[in-house]
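Read off the chains here:
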Amino acid sequence: MEVSHSVKERTIAENSLVILLQGLHGHVTTVDLRDESTATGRLTNVDAFMNMRLAEVTFTDRQGTITQLDELFVTGRNVRYVHIPDEVDIRATIERQLQVIHRVRYFGGRDKGRKEFPRAKHK
Amino acid sequence: GCAMSFLKRFPPPAEGVRHQQPDTEAVLAGRSLGSGTLYIAESRLSWLENSGVGFSLDYPTISLHAVSRDLSAYPWEHLYVMVNAKFEEEETKEAPVAEGEEDEDSDDDTEPIAEFRFVPSDKSALEAMFSAMCECQALHPDPDDEDSDNDYEGDEYDVEARELGQCDIPSFYTYEEGLLHLTAEGQATLERLEGMLAQSVSSQYNMAGVRTEDSIREFEDGMEVDIAPVVAGQFEDAEVDH
Numbered sequence: 001m002e003v004s005h006s007v008k009e010r011t012i013a014e015n016s017l018v019i020l021l022q023g024l025h026g027h028v029t030t031v032d033l034r035d036e037s038t039a040t041g042r043l044t045n046v047d048a049f050m051n052m053r054l055a056e057v058t059f060t061d062r063q064g065t066i067t068q069l070d071e072l073f074v075t076g077r078n079v080r081y082v083h084i085p086d087e088v089d090i091r092a093t094i095e096r097q098l099q100v101i102h103r104v105r106y107f108g109g110r111d112k113g114r115k116e117f118p119r120a121k122h123k
Numbered sequence: 001g002c003a004m005s006f007l008k009r010f011p012p013p014a015e016g017v018r019h020q021q022p023d024t025e026a027v028l029a030g031r032s033l034g035s036g037t038l039y040i041a042e043s044r045l046s047w048l049e050n051s052g053v054g055f056s057l058d059y060p061t062i063s064l065h066a067v068s069r070d071l072s073a074y075p076w077e078h079l080y081v082m083v084n085a086k087f088e089e090e091e092t093k094e095a096p097v098a099e100g101e102e103d104e105d106s107d108d109d110t111e112p113i114a115e116f117r118f119v120p121s122d123k124s125a126l127e128a129m130f131s132a133m134c135e136c137q138a139l140h141p142d143p144d145d146e147d148s149d150n151d152y153e154g155d156e157y158d159v160e161a162r163e164l165g166q167c168d169i170p171s172f173y174t175y176e177e178g179l180l181h182l183t184a185e186g187q188a189t190l191e192r193l194e195g196m197l198a199q200s201v202s203s204q205y206n207m208a209g210v211r212t213e214d215s216i217r218e219f220e221d222g223m224e225v226d227i228a229p230v231v232a233g234q235f236e237d238a239e240v241d242h
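Each protein sequence line maps, in turn, to chains A and R. The first sequence begins at 1 in the UniProt record's numbering and counts up one residue at a time. The second sequence begins at 1 in the UniProt record's numbering and counts up one residue at a time.
Looking at chain A on its own, in the form it has when it is part of the complex (with noise of 0.2 Å):
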């Protein structure tokens, strides 16, 4: 299962139901998009900004023409609607994402864990 090697990618997941998202990678889901076309297919990444990257797509455009995509990005922006699987336990799936993310965060022991904020950037 992967987890964003991001410190602020996996705090914003914490934080919001794209942790539920992250939590769907391999369903085959519905995203209903912005301008109301929607995609079907097996959800392989989502990341804290809720871009996905979708496999095996069926994609049905604003004027209903169907086609088949081999793999779809589509910009979190875009994203209206996703269609949590029906076989997905929504909760089960919430705690065991936070358990990867906590997993990741204390991977260096008590007293060894990496700060999980950066101080100020570096820019």
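Derived from the structure by calculation, the hints contain no laboratory data. It should be emphasised that the depicted structure is a prediction, and the values quoted were computed from it without experimental measurement.
Derived CB-CB ranges, DEER-like:
| id | chain 1 | residue 1 | chain 2 | residue 2 | range |
| --- | --- | --- | --- | --- | --- |
| 1 | R | 6 | A | 106 | 47 to 57 Å |
| 2 | R | 121 | A | 42 | 27 to 37 Å |
| 3 | A | 103 | R | 42 | 23 to 33 Å |
| 4 | R | 193 | A | 80 | 43 to 53 Å |
| 5 | A | 66 | R | 22 | 27 to 37 Å |
| 6 | A | 42 | R | 5 | 36 to 46 Å |
Every residue gets a Cβ at the ideal spot worked out from N, C-alpha and C, and that includes glycine.
Given the coordinates of chain A, work out where chain R should sit on it, guided by the hints.
Okay, now just chain R, sitting in the frame of chain A:
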């Protein structure tokens, strides 16, 4: 070639080019713009025809991209890119409308959409092109995202300090952690409160459904009992379960 007013001459991007694909045809809404090189750079997506004119797309304007190998939908495998913008096509009026892709007149009140297809002569490059675009898109998160409270880079939050109780930042303790931090007074308060709770719960069950002084009852199924709360409002929203 055709006279597309948005095409201009510019040098190819020099920095942050994650992927570059020569011999790639660019198609806008069904019309070919010619053959050139696609540059997938961190700052923007650019395509330059072999003659040196082309166009760029900013990632925030790209709503989605995809790899299409469905030859019944379009005869060549390609990278499909949907953009939230309108691109002028001077020849639109004379050209026949193909497959409804250019039928944007009926959507005046919705936002503009332009559909680009990048058709590489090397089909095996599509995966790399797709992935490079995913990476670059992720570098441009939506600045207008008003839903999220993404300001996590302010205060320092030291996880180890929290565990060792050295930190002022309010947080939720687990039960075990919380016990460790109780003073003697806190411990006494906790015991008192827990005692009160235990007492009220047991008397609640003794009172429930019983109007006699007989306090010994067996309840097989909690659902059959009308539970009268001992303290007004204390258990009002408790669900009778099992």
